[in-house]
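Using the sequences and the hints, build the whole thing.
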Amino acid sequence: MVTLNHYLILSAILFAIGTAGVFVRRNLITILLSIEIMLNAVNLTFVAFGRALGSADGQIIVFFVMTVAAAEAAVGLAIVISLFRHKESLNPDSFASLKW
Amino acid sequence: MLILIPLLPFLGFLLNASLGRRISKAAAGAVACGTMFGSLLVSLTMVWQLVARPAESRAISNTVFTWIASGDFTAAFTLRLDPLASVMILVITGIGWLIHVYSTAYMHEESDSEYARYFSYLNLFAAFMLVLVLGANFLVMFVGWEGVGLCSYLLIGFWYQKKAASDAGKKAFIDNRIGDFGFVLGVLLLFVRFGTVDFQEVARAAAAVSPEAAFGTVSWITLLLFIGATGKSAQIPLYIWLPDAMEGPTPVSALIHAATMVTAGVYMIGRNAVLFSHAPQTLAIVAVIGAATALMAGTIGLVQNDIKRVLAYSTVSQLGYMFLAMGVGAYAAGIFHLYTHAFFKALLFLGSGAVIHALAGEQDLRKMGGLKKDLPITYWTFLIGALAIAGVPGLAGFFSKDEILYRTYTSGHTLLWVIGLLTALLTAIYMFRLVFMAFHGESRRAAASHEASIHDAPHHSPSHLHDAPPAMAVALIVLAIGSVVAGYAGLPSILGGGDWFARYLEPSFGVAPVEEVAEHGLEGVLMLVSIAVAAAGIGIAWYFFLKNRRAADEMAGRFGGLQTLLLNKYYVDEIYDATIVQPIRIASEDGLWKVIDVRFIDAAVNGVGLTVAGASERLRRVQTGSVRSYAASVFLGVVVILGYYLWR
Numbered sequence: 000m001v002t003l004n005h006y007l008i009l010s011a012i013l014f015a016i017g018t019a020g021v022f023v024r025r026n027l028i029t030i031l032l033s034i035e036i037m038l039n040a041v042n043l044t045f046v047a048f049g050r051a052l053g054s055a056d057g058q059i060i061v062f063f064v065m066t067v068a069a070a071e072a073a074v075g076l077a078i079v080i081s082l083f084r085h086k087e088s089l090n091p092d093s094f095a096s097l098k099w
Numbered sequence: 000m001l002i003l004i005p006l007l008p009f010l011g012f013l014l015n016a017s018l019g020r021r022i023s024k025a026a027a028g029a030v031a032c033g034t035m036f037g038s039l040l041v042s043l044t045m046v047w048q049l050v051a052r053p054a055e056s057r058a059i060s061n062t063v064f065t066w067i068a069s070g071d072f073t074a075a076f077t078l079r080l081d082p083l084a085s086v087m088i089l090v091i092t093g094i095g096w097l098i099h100v101y102s103t104a105y106m107h108e109e110s111d112s113e114y115a116r117y118f119s120y121l122n123l124f125a126a127f128m129l130v131l132v133l134g135a136n137f138l139v140m141f142v143g144w145e146g147v148g149l150c151s152y153l154l155i156g157f158w159y160q161k162k163a164a165s166d167a168g169k170k171a172f173i174d175n176r177i178g179d180f181g182f183v184l185g186v187l188l189l190f191v192r193f194g195t196v197d198f199q200e201v202a203r204a205a206a207a208v209s210p211e212a213a214f215g216t217v218s219w220i221t222l223l224l225f226i227g228a229t230g231k232s233a234q235i236p237l238y239i240w241l242p243d244a245m246e247g248p249t250p251v252s253a254l255i256h257a258a259t260m261v262t263a264g265v266y267m268i269g270r271n272a273v274l275f276s277h278a279p280q281t282l283a284i285v286a287v288i289g290a291a292t293a294l295m296a297g298t299i300g301l302v303q304n305d306i307k308r309v310l311a312y313s314t315v316s317q318l319g320y321m322f323l324a325m326g327v328g329a330y331a332a333g334i335f336h337l338y339t340h341a342f343f344k345a346l347l348f349l350g351s352g353a354v355i356h357a358l359a360g361e362q363d364l365r366k367m368g369g370l371k372k373d374l375p376i377t378y379w380t381f382l383i384g385a386l387a388i389a390g391v392p393g394l395a396g397f398f399s400k401d402e403i404l405y406r407t408y409t410s411g412h413t414l415l416w417v418i419g420l421l422t423a424l425l426t427a428i429y430m431f432r433l434v435f436m437a438f439h440g441e442s443r444r445a446a447a448s449h450e451a452s453i454h455d456a457p458h459h460s461p462s463h464l465h466d467a468p469p470a471m472a473v474a475l476i477v478l479a480i481g482s483v484v485a486g487y488a489g490l491p492s493i494l495g496g497g498d499w500f501a502r503y504l505e506p507s508f509g510v511a512p513v514e515e516v517a518e519h520g521l522e523g524v525l526m527l528v529s530i531a532v533a534a535a536g537i538g539i540a541w542y543f544f545l546k547n548r549r550a551a552d553e554m555a556g557r558f559g560g561l562q563t564l565l566l567n568k569y570y571v572d573e574i575y576d577a578t579i580v581q582p583i584r585i586a587s588e589d590g591l592w593k594v595i596d597v598r599f600i601d602a603a604v605n606g607v608g609l610t611v612a613g614a615s616e617r618l619r620r621v622q623t624g625s626v627r628s629y630a631a632s633v634f635l636g637v638v639v640i641l642g643y644y645l646w647r
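Taken in order, these protein sequences are the chains called A and B. Following numbering that gives the first Met the number 0, the numbering of the first sequence begins with 0 at its first residue and continues without gaps. Following numbering that gives the first Met the number 0, the numbering of the second sequence begins with 0 at its first residue and continues without gaps.
There may be inaccurate statements among the hints.
Just a sample of chain A residues kept apart from chain B, beta carbon distances all over 10 Å, derived [as the list claims (entries may be wrong)]: (1) Leu52; (2) Phe63; (3) Ala69; (4) Ala77; (5) Pro91; (6) Ala95.
One-sided and incomplete, this derived list gives chain B residues near chain A with beta-carbon spacing under 10 Å [stated by the list, open to error]: (7) Phe180; (8) Ser442; (9) Gly606; (10) Ala614; (11) Arg619; (12) Gln622; (13) Ser625; (14) Val626; (15) Arg627; (16) Ser628; (17) Ala631.
Pairwise CB distance ranges, derived in the manner of DEER restraints [claimed, not checked]: (18) Ala612(B) - Glu71(A): 24 to 32 Å; (19) Tyr643(B) - Glu87(A): 42 to 50 Å; (20) Val639(B) - Arg84(A): 37 to 45 Å; (21) Ile12(A) - Thr623(B): 54 to 62 Å; (22) Ala612(B) - Ala15(A): 37 to 45 Å; (23) Thr623(B) - Phe83(A): 53 to 61 Å; (24) Leu645(B) - Ile16(A): 15 to 23 Å; (25) Ile600(B) - Ala70(A): 32 to 40 Å; (26) Leu618(B) - Ala77(A): 29 to 37 Å.
The set of hints was computed from the structure by calculation and includes no laboratory data. Backbone N, C-alpha and C fix where the C-beta goes; we use that ideal spot for every residue, glycine too.
In structure tokens:
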């Protein structure tokens with residue numbers, strides 16, 4: 000029997016993987032992918048709660064999150080492309096001039 | 000309809016101030032004179048309506064708009080015409096219009112835009128002065144009160160490129176500020192005490208209380224108001240600005256610093272006659288200050304050599320007379336003198352202006368002389384003015400001055416009466432000294448002409464002088480006629496008159512006029528005394544300044560100390576400078592500026608800035624530019640907040 004807790008634990012694991020990806024990886028595209036993983040972990044939580052509470056709200060919110068995620072991916076990738084054209088690099092540490 | 004009276008000159012001001020530099024001199028002058036004339040016509044119509052009413056209901060009110068409405072306090076912008084105001088508006092619009100006409104010729108040498116600027120100020124002044132006298136409550140009066148002060152400043156400093164003129168303007172403005180501060184405090188105290196600022200209501204409320212035997216609230220109110228009057232009307236201790244105000248154009252001196260604005264303080268006391276009557280302590284102060292100012296200014300006027308300054312001290316002295324009248328409770332006599340004085344003093348100033356105009360800016364009496372034959376119109380009109388102010392029977396000044404002296408005597412102030420009489424003697428002496436030195440004797444211009452040609456390039460060569468041009472001559476002649484006949488409005492009963500002027504004004508003062516305590520015998524004797532004094536004064540002036548010039552110099556030599564004291568105006572300016580101006584300057588510079596401002600205020604401000612800058616210098620290191628470190632901060636923050644909520 001798969002309970003709500005199973006879903007939440009899976010979601011937490013996915014979220015942790017995504018967070019770790021954001022911090023550990025040195026490639027902007029991988030970081031974007033990691034953010035997608037985090038978003039989907041959250042989506043999973045919504046759906047799981049929606050089912051557990053017998054309400055459609057969780058699923059509706061997921062649609063919104065997916066829409067925003069799609070837009071974010073489009074914008075994010077566009078930024079990554081222009082960053083790459085600028086510096087020939089995908090390492091986030093090479094874009095640190097925006098300070099002081 | 001009443002609002003039109005101040006509104007017309009105000010429109011003239013707007014026109015000349017906005018379009019002045021684009022229109023010709025003729026147009027600018029026509030706008031200014033036309034609006035003043037319109038205002039005069041409206042005034043005459045309104046006064047005609049007022050006089051047609053029965054004496055008890057002689058007041059026309061016109062509420063223009065509600066100005067302030069706050070809680071249960073309301074102050075409307077209300078104009079009210081009553082007998083007192085009617086006298087004032089006729090003086091302001093009538094004499095004001097003549098002076099506007101005179102100015103069209105006098106100021107003709109200015110450039111187009113300066114000419115329009117001059118007339119815009121003059122019109123603005125007239126508008127404010129009319130608001131001052133028509134205002135039905137203290138607040139509206141205060142608008143006019145401050146407005147005329149502003150215009151006075153602007154016009155004294157009209158030739159602002161001249162240092163003396165701009166200094167004189169500032170001096171007038173600052174002295175007036177001191178007085179106005181007292182005035183404002185007086186109005187505030189009055190509001191606290193009576194709960195209203197409307198003149199009629201104040202008078203009603205004041206009438207209900209009995210006159211203060213000791214120095215109480217009403218005395219304080221009136222004393223503070225009187226401080227305002229000393230500033231505006233040039234009385235001790237704030238009279239010092241008026242002689243310096245002579246730096247302005249001469250028609251301005253005639254209009255503002257002789258006929259109208261400086262009488263605002265006298266008018267204000269007359270307007271609040273009931274209130275002042277309930278503060279006998281203040282009235283005594285007013286009378287003493289008035290008499291002291293009259294005497295002091297008269298003595299200074301005796302030795303001054305600048306033609307306009309003599310007239311300025313004469314004005315201060317005559318204003319002292321008016322305050323003396325107010326102080327002894329002879330309100331009608333004070334206003335009567337105000338009204339006659341407006342004619343002959345405006346005439347004297349305009350006459351001196353004609354002399355200055357003819358001599359291309361020369362104002363020193365010692366460099367004049369013998370102008371009689373070159374300037375006949377100016378001479379004869381000036382002579383009429385001088386006779387009127389000296390108190391020669393039959394002319395305007397005689398009736399009003401005599402009325403004041405008579406009222407002073409019968410109210411029991413014998414000492415003040417003696418001072419008044421002495422001042423009358425001085426008035427006759429200094430006026431005729433002026434006449435004899437300027438118009439009679441031999442011309443002393445030859446010696447002076449070289450000097451004159453150095454600083455003011457003369458427009459007229461001194462050898463052939465021009466008498467007043469038509470616009471100036473008309474004003475002089477009309478005012479001369481006024482100086483002769485104006486006094487008959489208040490012809491006393493002893494001379495077959497009926498004191499019409501005083502009876503007409505009675506409802507405005509709201510206090511019962513002093514009953515005829517003395518019979519005509521005393522009045523006749525006093526009148527003869529003042530005639531004798533006037534004749535003696537003229538005689539003394541004739542002996543010293545025409546017949547035997549050397550005697551005057553000998554006298555001056557014998558009393559050298561006194562002469563120096565008077566020439567230096569009792570060193571009042573120097574005393575004020577040493578006791579007030581310098582201490583304030585030193586305290587401001589070495590105390591307030593270099594200690595309080597630099598060490599405390601600046602230090603506090605700079606300290607705050609330096610602290611923030613220092614903290615930021617360290618804090619800005621946090622902004623690394625690395626996206627991943629920002630993400631780490633966000634993550635850490637989330638963990639901390641979540642942790643707090645989970646384990647608290």
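Comparing the hints with the structure gives:
1. Leu52: About 22 Å separates leucine 52(A) from the closest Cβ of chain B, which puts it past 10 Å; holds.
2. Phe63: At about 21 Å from chain B, phenylalanine 63(A) clears the 10 Å cut-off, so the statement holds.
3. Ala69: Holds: least Cβ distance 22 Å, greater than 10 Å.
4. Ala77: Given a closest Cβ separation of 16 Å, the condition holds.
5. Pro91: 5 Å, violated
6. Ala95: It is violated; alanine 95(A) is separated from chain B by about 4 Å at its closest Cβ, not greater than 10 Å.
7. Phe180: Violated, because the Cβ-Cβ distance from phenylalanine 180(B) to chain A comes to roughly 54 Å (cut-off 10 Å).
8. Ser442: 84 Å, violated
9. Gly606: Violated, because the Cβ-Cβ distance from glycine 606(B) to chain A comes to roughly 24 Å (cut-off 10 Å).
10. Ala614: 15 Å, violated
11. Arg619: 5 Å, holds
12. Gln622: At about 5 Å, which falls below the 10 Å cut-off, the nearest Cβ of chain A leaves the hint on glutamine 622(B) intact, so it holds.
13. Ser625: Status holds, d = 5 Å.
14. Val626: 5 Å, holds
15. Arg627: 6 Å, holds
16. Ser628: 9 Å, holds
17. Ala631: Since the shortest Cβ distance to chain A is 7 Å, the answer is holds.
18. Ala612(B) - Glu71(A): 24 to 32 Å: 39 Å, violated
19. Tyr643(B) - Glu87(A): 42 to 50 Å: 44 Å, holds
20. Val639(B) - Arg84(A): 37 to 45 Å: The hint (37 to 45 Å, Cβ to Cβ) holds, given that valine 639(B) and arginine 84(A) are roughly 38 Å apart.
21. Ile12(A) - Thr623(B): 54 to 62 Å: Roughly 31 Å apart at Cβ, these two residues miss the hinted range, so it is violated.
22. Ala612(B) - Ala15(A): 37 to 45 Å: 42 Å, holds
23. Thr623(B) - Phe83(A): 53 to 61 Å: For phenylalanine 83(A) against threonine 623(B), whose Cβ atoms are near 22 Å apart, the range 53 to 61 Å is violated.
24. Leu645(B) - Ile16(A): 15 to 23 Å: Given range 15 to 23 Å: holds, Cβ gap about 22 Å.
25. Ile600(B) - Ala70(A): 32 to 40 Å: Distance hint for isoleucine 600(B), alanine 70(A) is violated at roughly 54 Å.
26. Leu618(B) - Ala77(A): 29 to 37 Å: Taking Cβ atoms as reference, leucine 618(B) and alanine 77(A) lie about 33 Å apart, which means the hint holds.
When each numbered hint is compared with the structure, violations occur for hints 5, 6, 7, 8, 9, 10, 18, 21, 23, 25.
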